[in-house]
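If you're matching them up, the sequences are chains L and G in order.
Residue numbers for the first sequence follow our numbering, beginning at 1 and rising by one.
Residue numbers for the second sequence follow our numbering, beginning at 1 and rising by one.
Calculated directly from the structure, the hints in this document are not laboratory data.
Fair warning: this is a prediction, and the values are worked out from it, not measured in the lab.
Heads up, a few of these hints could be off.
[Unchecked claim] Lysine-lysine pairs mimicking DSSO-like chemistry, simulated, CA-CA at most 27 Å apart:
1. G/K390 - L/K67
2. L/K67 - G/K376
3. G/K406 - G/K477
4. G/K390 - G/K352
5. L/K92 - G/K81
[Claimed, not checked] Derived list of chain L stretches under chain G, where covered just means 3 residues or more per stretch with a C-beta under 8 Å from a C-beta of chain G:
6. 49-62
7. 68-82
8. 85-94
[Said to hold, decoys possible] Restraint-style ranges between C-beta atoms, simulated for each label pair:
9. L/R25 - G/S315: 17 to 23 Å
10. G/S315 - L/P99: 22 to 28 Å
11. L/S86 - G/D292: 54 to 60 Å
12. G/R243 - L/D73: 35 to 41 Å
13. G/G57 - L/V9: 39 to 45 Å
14. L/P99 - G/G82: 48 to 54 Å
15. G/S315 - L/Y44: 55 to 61 Å
C-beta atoms are modelled at their ideal positions from N, C-alpha and C, and glycine is treated no differently.
The chain contents come next:
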Amino acid sequence: MENTGRKKVITEDDVRYVARLSRLRLDEKDVTMFRGQLSAILEYIEQLNEVDTEGVPPTSHVLSSMKNVFREDEPGVSLSPEEALSNAPEKKDGFFKVPRIIKEA
Amino acid sequence: MEDILSSIDGFKRWLKGRTGSLADAARFLTDRISSIDADVRAFARIDAERIARRASGLEKAGKKGRLYGVPVAIKDNICAKGELTTCASRILEGFRPPYSAAVVEKLSAEGALLIGGANMDEFAFGSSCETSCYGPTRNPWDTSRIPGGSSGGSAAAVASGEVTAALGSDTGGSIRQPAAMCGVVGFKPTYGRVSRYGLIAFASSLDQIGPITRNVADCAAILEVISGYDNRDSTSVNMEVPRYTESLSEETGGLTIGIPGEYFRAGIAEGVRSRIDEAIKVFRDLGARTVDISLPHTKYAVSCYYIIAPAEASSNLARYDGVHYGYRSPGPGGLEELYTASRNAGLGEEAKRRILLGTYSLSSGYYEAYYLKAQKVRTRIADDFREAFKACDCILTPTSPTTAFKIGERVDDPLTMYLSDIFTIPANLAGLPAISVPCGPGENGLPVGLQLMAAPFNEETLIRAASAFERNTEHHKLRPEGL
């Protein structure tokens, strides 16, 4: 990819959209601040386009010797339900409790 | 205050000379920490009673391991069963993990007295320890300055003599940079060398746990204990762990050290530059050969990192939803509202910034231009190192371009803050082991760190070179005033 010198600047609507995807709610002051900061960061990051990566494989794991890691599908020791729920802000009858999501008929 | 914690051996001698129980010694140590920490604030919390009980437990166990009684600080993102572990974030308020990290099990098995709650940047997002929900840790050398980050509490606790050693985690320099700025030794092992089971995830393709200590011998000793295969971490590598402590006394003659021009071009503070030049001369005098090498993609490392790390972080932090653990917003509303309100109130500004950046670069239409592109550039950066290690055994650079900056100096300018990790990020991207050792005072008498990097699983080369450097210099003996 060639660097065209085009400045890809993130808009306030982009910030609101990404905040919604991230389950974050920003007030207008935050939107303005993050738009400015993220634009500066993304402009800096644009320099990656200077690098010729034609035919270069992506790295997801740095040690190329590591491929898939499997284990036998055997039951082992794991947390008890009580332990797994021990940090839940709200729980009921051995389950995590959340606000009602199905409306009553 | 007497420097009883300058080394593991020194601590053991002090402990041997004491009468009374290990719990008494633990109380003495936690009193001492509380007194020093009034200024330094290396810990988010100190629960003296729990620590004393742990000491009693170690004493009753009867078996005296290699680290019996040695106080080791644990960064607040490493789980210990039943102990508050919060990543310095409000969203993990009150979280007591139901299991212990592999490194916690290993240190405990050797009798170490673990002292949890070492302060950090929230979720390890930062280079200064200022994003902690508990407020910043202060540099023991100058309390108006940052200790570095994100493992700033771990480094400050070691540098101020509160503990003998500490564990930190390093995703883009978070062990080495604070170690450099606090004048102590910090080691990031090869990716896969130390199990991350029980480390609260930041960026899973980069995170690694490692030791922070006052000297290279202690670093080797802790590394030897915490390394090794663990089937609970699928990135853990099944390779035998060498006896790192056996590399300590080897000489550096015959060693070839690469000096990468790209790390010395611009932007290094003069006080840092001159200390590094002197260090290179020390190695030459010790019989090492130095060669000029090139790592041509160095300038892209920060960009590459600030795509990959926030992308992975945004995914890892999706689990904080107010339902399973930690902070839950008490407000009314449905499930979506519960998620949003809990995350909004529980996460700090830098965490939000990284989640937004990461979500943006992974979102539809941008994935290929950002994340995939960064993964390819990452390959080029790793290839640079593979090529370089054909000509040298290890690579020498500054750990950080500057000494510790003032608290507040960079908080409003995220990009400048991100650029302070420019020399440490490449080792994470390439998965390499790297160490920072003190190499003398720079501007204002503040510590400067020297970084050495080696090929994957060549930790011994780093221990050997760093130990020889330390043996022939006095830098590691310098102490902050008043401590």
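Quick rundown of the hints versus the structure:
{"no.": "1", "hint": "G/K390 - L/K67", "result": "25 Å, holds"}
{"no.": "2", "hint": "L/K67 - G/K376", "result": "18 Å, holds"}
{"no.": "3", "hint": "G/K406 - G/K477", "result": "24 Å, holds"}
{"no.": "4", "hint": "G/K390 - G/K352", "result": "42 Å, violated"}
{"no.": "5", "hint": "L/K92 - G/K81", "result": "23 Å, holds"}
{"no.": "6", "hint": "49-62", "result": "holds (count 11)"}
{"no.": "7", "hint": "68-82", "result": "holds (count 3)"}
{"no.": "8", "hint": "85-94", "result": "holds (count 5)"}
{"no.": "9", "hint": "L/R25 - G/S315: 17 to 23 Å", "result": "20 Å, holds"}
{"no.": "10", "hint": "G/S315 - L/P99: 22 to 28 Å", "result": "25 Å, holds"}
{"no.": "11", "hint": "L/S86 - G/D292: 54 to 60 Å", "result": "57 Å, holds"}
{"no.": "12", "hint": "G/R243 - L/D73: 35 to 41 Å", "result": "36 Å, holds"}
{"no.": "13", "hint": "G/G57 - L/V9: 39 to 45 Å", "result": "57 Å, violated"}
{"no.": "14", "hint": "L/P99 - G/G82: 48 to 54 Å", "result": "29 Å, violated"}
{"no.": "15", "hint": "G/S315 - L/Y44: 55 to 61 Å", "result": "22 Å, violated"}
In summary, the structure is inconsistent with hints 4, 13, 14 and 15 from the numbered list given earlier, while agreeing with the others.
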